[in-house]
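Number of protein chains: 2
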Amino acid sequence: MPLVVQKYGGSSVADASRIKNVAARIKRRADAGDRVVAVVSAMGDTTDELIALAREITDAPEARELDVLVSTGETQSSALMVMALHALGVDAISLSGAQAGMRTDNVHGKARILAIEPRRVREEIDRGRVVIVAGFQGLTETLDVATIGRGGSDTTAVAFAAALNALCEIYTDVDGVYTADPRVEPGARKLKDITYEEMLELASKGARVMAPRAVELGSVYSIPILVASSYNDEPGTLIHGGVDMEGFNRVRGIAHDVDVAKITIRGVPDRPGVAAEIFAPLADAHLSVDTIVQNASKEQLTDVTFTLAKNDLARARPLVERVAKAIGARDVVADEQMAKVSIVGTGIQSAPGYAARMFRTLSDAGINIEIISTSEIRITCIIPEARIADAVRALHAAFELEKAEASELA
Amino acid sequence: MPLVVQKYGGSSVADASRIKNVAARIKRRADAGDRVVAVVSAMGDTTDELIALAREITDAPEARELDVLVSTGETQSSALMVMALHALGVDAISLSGAQAGMRTDNVHGKARILAIEPRRVREEIDRGRVVIVAGFQGLTETLDVATIGRGGSDTTAVAFAAALNALCEIYTDVDGVYTADPRVEPGARKLKDITYEEMLELASKGARVMAPRAVELGSVYSIPILVASSYNDEPGTLIHGGVDMEGFNRVRGIAHDVDVAKITIRGVPDRPGVAAEIFAPLADAHLSVDTIVQNASKEQLTDVTFTLAKNDLARARPLVERVAKAIGARDVVADEQMAKVSIVGTGIQSAPGYAARMFRTLSDAGINIEIISTSEIRITCIIPEARIADAVRALHAAFELEKAEASELA
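For the record, the sequence lines run as chains F and E. Residue 363 in the working numbering sits at position 363 of the first sequence, with consecutive numbering throughout. Residue 1265 in the working numbering sits at position 265 of the second sequence, with consecutive numbering throughout.
The reader is advised that the hints may include incorrect statements.
Stated by the list, open to error - Here's a subset of chain E near chain F, in silico, CB distances under 8 Å, partners left out:
| # | residue |
| --- | --- |
| 1 | S1011 |
| 2 | A1014 |
| 3 | I1051 |
| 4 | A1054 |
| 5 | E1056 |
| 6 | P1061 |
| 7 | A1063 |
| 8 | V1082 |
To be verified - Looking from chain F toward chain E, a few residues come up when the C-beta cut is under 8 Å (computed):
| # | residue |
| --- | --- |
| 9 | A54 |
| 10 | S78 |
| 11 | T140 |
| 12 | L143 |
| 13 | L287 |
| 14 | S288 |
| 15 | V289 |
| 16 | V332 |
Hints were generated in silico from the structure; no laboratory data involved. Model, not experiment: these values are computed from the prediction. Beta carbons: idealized from backbone N, C-alpha and C, even for Gly.
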């Protein structure tokens, strides 16, 4: 009998009626002859509510104790899901991360998975039971509870699928991966399949379909992951490693993100070590920098521009101004009304024509490109935030993403 | 350094500010040089809320899963308490029942404690830490979570005090054991000390100070238990095994309970086995019967009267009527407007005069006694509910309970 590891996120188990709905889905799957392990998240906003409760007690809750506290959210939904299954006559049992064999290091709040020891899970499956695993939580060597960070239930599901050599299905409130955000481009089309790398680029902030870390884990262990809706039976998107001839050398989708601020240090003396001097204070302050570009030098002076999350701008700016003065730069300018738009597809960066067509499309729409950056499978432009919707729609049309791909016509 | 195991109940940790208040109390105790292990209950109504959530899912949640669910309440408050201690600069750590070494059988919902293996607790104490233990929960042989039933945090505290050879202190919203319920008899006096047995009689339903099972456990292991308020520093009541000369042969307090209904089966044929026939169906229906009296037989017919909780009357009555018909009894009468009043004191049952003075007092107050029953340390009368406050006050005065005892004048 096929073994499948499913994951149901917080919105899919947000209240009693949604839990019953998921239980009915699991029952249908079990009745069809599959053996099911389901990883569940905490109900709705439970995690945030528990964190708020901790902050009523102290501004700086210790990470170990925060893990003890927030991990109860997943424990609760696992027990409730089993009750709902029992009510439908399905034999089932809930297992905590510890019981299910999730072993982690002791970096509380963002622990790494060290191993999955699924002995108990296998025993319960062999007894004919559906196993509901509390996601997001594991056990350290000192037998303490540790959580593996946001998106931890996705990662839990992929890790168990790898350990159990099972199928992996992520059920969420989004029914798959689209060629663009459907709220921005109504003509966006759901992709039948996508590679891990393309998924990582498309799902960064803008898409919110699945935790990037879980995708990476799937990539490392070559676990195909189906992303689909927990509310309907529409086919989802399969994330996998293979790139077929149709998939290669094509734009698969448009990613965008409006949480972008820009800082430019102008008139930076162009000497070795200056970049390190600029970015070290930001790293020390745990401020995450995204795209960095340094313009070609002229007369021993250069401009250094980088982007970061809008929320981080207020903390970053004084640090950057101090270092700008220290290195003798001319001045610092910032703009928080920026956005990022990318075309994503395996092979497009090295293939000719894609970049040019992207720049032409934006230019034809009268959209000014402030920064360009590229990765293996992505070409990104930083543009004014006010034009982001126009940019997504123009690119979606220019690369004909509304049309079904050859592989989907079969 | 003295080691103390404290327990803080649900109302003492009902919200962030009360948790901080308890943390400050623990800190003062630790600063005074004591090593502290504190057992905490779930916050306020958390347990009831979780049970209500389970009932939204199913009418009959399985006991194992209900244990997984409700045990998260204590886990949450243990972590929050440690955060509050950390905020005060106190080194502390939370331990689940499993981590603390609470081993139970697998009778979920009302598990028995099999052993306390406090290795980890000792290690943390030896590191100079305050240890906060999540009450009410333990680990079974199959490594599943089991809860030990209502009042489980009291029992947890007494069990750890026994295992660690420590003092035991139960902090609650009542500041000790009184000679009567102060809401009924304003002149009720807090007792400085009391025996386990007297406590069990006084604390039954009416007093709500501490779980009877915890008192019994204290008695078995001879653990003196201090009951005091978590809101002030007033001296509480010490529950212990020793009976001194003052304590012996004295009425220590008046217990009462208005949750009493009465059923009488009249004209029961007086033959062997008839009592078993009457009570077997009630036991099968898990209906708990309290006092039972059978009047002396006359003409081969007898009357059997027993009391039970008011809530159980509706379920019990048809069962009793069926059995009455089967055994050929005349009829069944019931009255749910009953109450129970007791005088409690080691030795009073066997000493002359106490029973007579009790009956005289009630008679002088015009209160009709419907049933009398006695135990080693208690004489109980069942009376009409409408007169219960009068009865408590009259007995409190008759046995001069407003006066301090000799041992308290020292």
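Taking the hints in turn, this is what the structure says about them:
1. S1011: 17 Å, violated
2. A1014: Nearest chain F Cβ about 12 Å off; hint violated.
3. I1051: Violated: closest Cβ of chain F sits about 11 Å from E/I1051, beyond 8 Å.
4. A1054: 6 Å, holds
5. E1056: Because about 4 Å separates E/E1056 from the closest Cβ in chain F, which is inside the 8 Å limit, the hint holds.
6. P1061: Since chain F brings a Cβ to about 5 Å from E/P1061, closer than 8 Å, the hint holds.
7. A1063: Cβ of E/A1063 sits 11 Å from chain F, so the hint is violated.
8. V1082: 5 Å, holds
9. A54: OK, holds: F/A54 within 8 Å of chain E, min 6 Å.
10. S78: 7 Å, holds
11. T140: With Cβ-Cβ at 11 Å, over 8 Å, it is violated.
12. L143: 6 Å, holds
13. L287: Result: violated, 26 Å to nearest chain E Cβ.
14. S288: Nearest chain E Cβ about 27 Å off; hint violated.
15. V289: Where the cut-off is 8 Å and the nearest Cβ of chain E is about 32 Å from F/V289, the hint is violated.
16. V332: At 38 Å from the nearest chain E Cβ, F/V332 fails the 8 Å test, so the hint is violated.
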